[in-house]
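J.: These are the residues of each chain, in order.
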Amino acid sequence: AQTVTQSQPEMSVQEAETVTLSCTYDTSENNYYLFWYKQPPSRQMILVIRQEAYKQQNATENRFSVNFQKAAKSFSLKISDSQLGDTAMYFCAFMKQYTNAGKSTFGDGTTLTVKP
Amino acid sequence: ETGVTQSPTHLIKTRGQQVTLRCSSQSGHNTVSWYQQALGQGPQFIFQYYREEENGRGNFPPRFSGLQFPNYSSELNVNALELDDSALYLCASSPGNSMNTEAFFGQGTRLTVV
Chain A
2 AQTVTQSQPE MSVQEAETVT LSCTYDTSEN NYYLFWYKQP PSRQMILVIR
52 QEAYKQQNAT ENRFSVNFQK AAKSFSLKIS DSQLGDTAMY FCAFMKQYTN
102 AGKSTFGDGT TLTVKP
Chain B
75 ETGVTQSPTH LIKTRGQQVT LRCSSQSGHN TVSWYQQALG QGPQFIFQYY
125 REEENGRGNF PPRFSGLQFP NYSSELNVNA LELDDSALYL CASSPGNSMN
175 TEAFFGQGTR LTVV
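So the sequence lines, in the order shown, correspond to chains A and B.
The opening residue of the first sequence carries number 2 in my numbering; numbering runs sequentially from there.
The opening residue of the second sequence carries number 75 in my numbering; numbering runs sequentially from there.
Isolated chain A, as found in the complex (with noise of 0.2 Å):
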């Protein structure tokens, strides 16, 4: 079974501002993929961010970029320039390859707020 741990309830930021969420994972598969998903208040789980397993170069989207460390099972999210639009709930996802799309471990979240 897996596990993902975010030790960050709550942290806030500057609008404008980099922030960086971390998470730990346990697993004894080899081949995985790891998400950080977006909550905002209207509840919808926006996908932020993809990484696989096999792959050494840590994924960019834009202003958001991950610090992935595999030997470590740590897996964090860097959101730089923040905006207002930024503050919601971050959740940190596990899933297994080879699996229908959908059949994730998550994490209990991160509350982030951005202040102007």
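What the hints contain is simulated information worked out from the structure, not anything from laboratory work.
Among the hints, erroneous ones may be present.
[Stated by the list, open to error] Label pairs and their calculated CB-CB ranges:
(1) B/Asn133 x A/Arg64: 32 to 38 Å
(2) A/Thr6 x B/Pro135: 33 to 39 Å
(3) B/Glu176 x A/Gln3: 16 to 22 Å
(4) B/Phe143 x A/Glu16: 33 to 39 Å
(5) A/Pro41 x B/Glu127: 40 to 46 Å
(6) A/Lys79 x B/Glu176: 19 to 25 Å
(7) B/Ala154 x A/Ser43: 45 to 51 Å
(8) A/Gly86 x B/Ala154: 26 to 32 Å
(9) B/Glu176 x A/Gln84: 19 to 25 Å
(10) A/Ser43 x B/Thr88: 37 to 43 Å
[What the hints assert, rightly or not] Take a look, some chain B residues computed to stay more than 10 Å from chain A by CB distance:
(11) Thr88
(12) Gln91
(13) Leu141
(14) Ser167
All figures in this text were calculated on a predicted structure; none of them were measured in a lab.
Just so it is clear, CB atoms sit at the ideal spot from N, CA and C, and this is done for glycine as well.
Put chain B on the given structure of chain A with help from the hints.
T.: Okay, now just chain B, sitting in the frame of chain A:
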């Protein structure tokens, strides 16, 4: 293409009652996954349906059951409701091939058991 839609958005039930939640998958998707998200926690995987068959189940009791229809929409049924079943129930749809890793979520159904 239409997104994932869930109904109802909110409902209140009494302990011991039964409830049915509905999910319409995104066009072209044959896989639906259901999650329970308690307040302040991350989503917990309940089960997944692929082409009308259950395709994996999380650590939930048998009173949580599901169904997927030929049009790939899905229902989650919960019998003998307990107070701890109060949560946001999310469904997610995906194309159903292991090469596509993204699941698309609906806006959820907020269930309150009193």
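J.: Hints broken by the structure, by number, lowest first?
T.: 2, 4, 5, 7, 8, 10, 14
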